[in-house]
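Colleague: Chain by chain, the residues run as shown.
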Amino acid sequence: MEGMKDVILEYVTKEYLEDDSEPLNYDTPLISGGIVDSFSMVSLKRFLENKYNIQIPDDKATPEAFDTVTKIASLVEEFVGKK
Amino acid sequence: MAYSDKVRELYKKQLEGILEAGIFKQERYIHSPQAADIEVEFPSGAPLKKVINMCSNNYLGLSSHPDVVQAAHDGLGSRGYGMSSVRFICGTQDIHRELESRMSRFLETEDTLLFPSCMDANAGVFEAVLTKEDVMISDRLVHASLIDGIRLCSAMTDTFKHSDMAHLEEKLKLHSDKRLKMVITDGVFSMDGDTAKLDEMVALGEKYDAMILVDDSHASGFIGKTGRGTHEKCGVLGKIDIITTTFGKALGGASGGCVSGRRELVEMCRQRARPYLFSNTIAPVVVSGVLKVMEILSASTERRDKLERNAAYWRKGLTEAGFVLKEGDTPIVPVMLFNAKLSQDVSKALYEEGIYAIGFFFPVVPQGQARIRTQISAGHEIHHLDQALDAFVKVGKRFDILGKTKQEIIQMYGM
Chain A
1 MEGMKDVILE YVTKEYLEDD SEPLNYDTPL ISGGIVDSFS MVSLKRFLEN KYNIQIPDDK
61 ATPEAFDTVT KIASLVEEFV GKK
Chain B
84 MAYSDKVREL YKKQLEGILE AGIFKQERYI HSPQAADIEV EFPSGAPLKK VINMCSNNYL
144 GLSSHPDVVQ AAHDGLGSRG YGMSSVRFIC GTQDIHRELE SRMSRFLETE DTLLFPSCMD
204 ANAGVFEAVL TKEDVMISDR LVHASLIDGI RLCSAMTDTF KHSDMAHLEE KLKLHSDKRL
264 KMVITDGVFS MDGDTAKLDE MVALGEKYDA MILVDDSHAS GFIGKTGRGT HEKCGVLGKI
324 DIITTTFGKA LGGASGGCVS GRRELVEMCR QRARPYLFSN TIAPVVVSGV LKVMEILSAS
384 TERRDKLERN AAYWRKGLTE AGFVLKEGDT PIVPVMLFNA KLSQDVSKAL YEEGIYAIGF
444 FFPVVPQGQA RIRTQISAGH EIHHLDQALD AFVKVGKRFD ILGKTKQEII QMYGM
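Protein chains in written order, with the numbering used here: chain A, 1 to 83; chain B, 84 to 498.
For reference, chain B alone in the conformation it holds in the complex:
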C-alpha cells in the first residue's frame, strides 16, 4: 500500500506539531444563512449557539438579501442549475455576458471577463498578458492569490515596501529596460485594512510607462463615494489598466470573480488565461444573484453609506476602550495582539461571550503580527456593535491588554 503506516505517521506528526503550536485551524459549522446574527455549531457536535458575526466579508449585508435570493431562484428556474462546460465550449449564457457588461459599466472599464473566483482571476491574468521580457513589481503585502499568479508567470519579479511610493519609483527606474512593466497591488489590503495610494501609483505609471493592476476584492461595492472601489476613492477612475475583483464578498458573497480593464488585456485573458479556459463557467444561479446585487447598488448608495458609519462607530469604540488597532478607514479593523496563541485564546473567549471573530497569525500575516481581524457590515445594527464592544472590553480586561502598548503586550505574551 502506497499510503503506508510510515507515511501516515509522518503526516500525523506534522499535524500534531501544528496543534501543539496552538495554530491549528478548525472550521465552525454555521446552521443559518450568512448574516450579522448566525447560529453556530462549535466545536463539532456542540449545541447551536447564537452569535454575532464580526468576521465575514459580507460588507454590504447582501449575502442573504431577500431580493438577491429571489433573483437567484428566478435564475435557477429560467437558466437551470449548471452548464456542464467551460465558457468557450458551451458554457456562456446571455446572462454571463450581461454581467460582464454590467461590471464594466460599474467599474468604468472597457471590458470584463468572469472567472470561477478572484483567486482564479489572479492565478490566470499575469501569464496571459506578460512574458519573460517583462517585469512585475508588487507591493510586499499583496494577497496570496496574487503571489500565486505571479509565481505562475515567466516575467521577472520584484517587490516594493508596503505602500512606499519612493521605493516603487526606485524599482521602476531599476527595471526601465524591460519591455512591459506592471505594478501590482491590493486596493484595500485584506489583513491591515489600509488603502493603496492609487493616485500616486497612476502618476508613477504614467511617468515610467508602467501598467497598474489592482485587486479590489475588499473594496468593490463599497469603497469610494458610489462604491466603485479604490480607484474611485483615489480619483483615478478609468486609469487602472486591470482590476480583479470577487463576487464572493460584498457583491452577494456566493462565488466568482472577474478581470476588468483595457479591452486588449481582457481579450488576452479570454484567449490564454488557464483558469478561464480549463475551469467551469460560473453557475447561472450565482450570475443571476450578482446581477440583482449590481441593480441594488446602482439604485442607491444607502448600504455603503451605512457601512461607512458603522465602521467609524466600531473603530472609535475599540480605540476608546484601549485596544491597539491598525490605522485605517475601511470596514476591516484589525485588533492587534501580536502573539499567535493569544489571538486564538482571545478569539475563543470572545466566542464564549457570543462574538464570532477569528484570530489570524503567521503565515496569513507576518510573524509577530497576530491579530483579531474584525470586519464590519451594513447588516450590523448599532445594537450588534454595542454588544460586540461590551464583549471585547470584557475579554480585553480578562487578558489585561486594554490601554497597553504593542511593546507591553509583547512583553506579557511574547511575539
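So that you can see chain A by itself, here it is in the shape it has in the complex:
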C-alpha cells in the first residue's frame, strides 16, 4: 500500500503541480483543494488503469474517491484485489 501511495504521489506531483508549489502529502486534498480540476482527473484515472492493469468504472471515479492519495490508493486496491 505504501509503495502504491508513493507511485500515485509521484505521478500527481509531476502531472499537476507547478514548480513553485508546496509539496503534497498522502492526505492533501487534491480536488476539493483545487490542485486537480475535474477536467484533468481523466489522465490520473487512465494512468492508474494502465499502471495496475485494472478498469475503474466511471461511477467509482468520483471527485470524492480521487480527493487524496490515500483515498485513491484504497480505490485502486479494491480493483487490484478483484483481479
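Because the hints were derived from the structure by calculation, they are not lab data.
Treat the hints loosely; a few may be bogus.
Partial chain B-side listing against chain A, Cβ under 7 Å, derived [to be verified]:
id: 1; residue: S237
id: 2; residue: D241
id: 3; residue: T242
Glycine included, each C-beta is placed from N, C-alpha and C at the ideal position.
With chain A's structure known, arrange chain B on it following the hints.
Modeller: Chain B in isolation, oriented as in the chain A frame:
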C-alpha cells in the same frame, strides 16, 4: 413567500463575506464613449472624473472611430434596429452573410458562422462537433468561456500544463485510442498576455491526427504582421481547424463573435450549436459597424503597428520603473502584485491619480497571482502612456513595491 427573510439573510452573509475579503467587484459608470480619455462616475453618485483608460480591450482604438460610428448609423437606417428572430427563422440579412465571408477572407479560413458573442461561440462549438467517443485536451489556462463550452460537451476531457508542448504530446499519446482529438487553446492568453505555440501545436496535431481550436479573441485584428491573429504570428495560416473570436474587443468592441474554420465543422455549428440556434441574431447596426472595421483593417496595418510600438514603450517603462511583469510581447501587460487586496488597493490609488486600471484576483487568475492587468491601445498617444507611467511610479513608491522581487512583495503583503 419563497424569498423569505432566511433566504435573504443567507445571500446577504455571502455578499458580506466577499466584501470583507476585499474582493467585492464594483462597477464604475462611464459617461463618455470608449476611448483613451474617459469620464467616470465612481463610486456611484461621485462627481465625474476624467481618467486615462488602461484596461479596455479597445486594442485598435476603433470602438468610437467616426467611420465605424457612421457605418453603424447607416446600417441602422438601411437595415433597421432589430431582427426579432434567431438566424435560421428570419434573422439572417445579406450583411450577416457578407460579414461571414469577410471574416473567412481575413482569417484565411473556409467558412465562418456568427454568434451573439464569443462566449456563445465557445459554449456551442464543442457539443456541435464532438461526442463521447472523442477527447478534448485543453491548455490549463484557457478562458472561462472555453471551460464552460467543454463542460457542456460529452467528449472526454483532459488538460496539459500551460504551453507545455512535451506534456501535450504525452496527452496525445495517452488518448490515441479516441475517435477524434481536439487540442484547445487561447491564441493570446487574456490574463498573462503570452502567446500560444501554435506552430508546435499544429505539428503535434499533424503527427497525432488531432484538430486544433484556438480562441483568438485577444489577437484578432492586431497580432501578426497584418493583424490576422496568432496563427499569422506563428506562421500557420490555413492550418488551424477552428478559430473562435470576438467583435467585442479590437474589432469595434460592440458585441458578437464567430466560429471560423473548416467548412464541415462550421456547418455542424450551423446545424447544432445551441447558442446559434436559440439566441437572437446580431443586430444589423453591429454587423454594419464590424464590416467597416474590417474595411479599415484591410486597407492599412497602421493601427496594429502603432499598437505594437505603444505596447513596447509601456512595457519598457514599467520594467525600468522596477515593477514585476509577466513576460510577453502583446498589448496585455500584467503588473504582478500577488495579493488580492493589494491589487484592489493599488487600483484605487491609481484611480486617485487619474488612471483607470483594474485589479484581478482569484478566481479570475490563480490563487496568489493577483495583478493589475494593463492593456494598451492604438488609441493611446505617448502623452497618455507617460502620464500613466508617472502615476504607476508614484503609487508603486507609496506601496513600496518598486524594485522588489515576487518573494519580497509576498513577504510584505502575503499571498
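Colleague: Which earlier hints turn out false for this structure, listed by number in ascending order?
Modeller: Going through the list in order, the structure violates hint 1 alone and respects the others.
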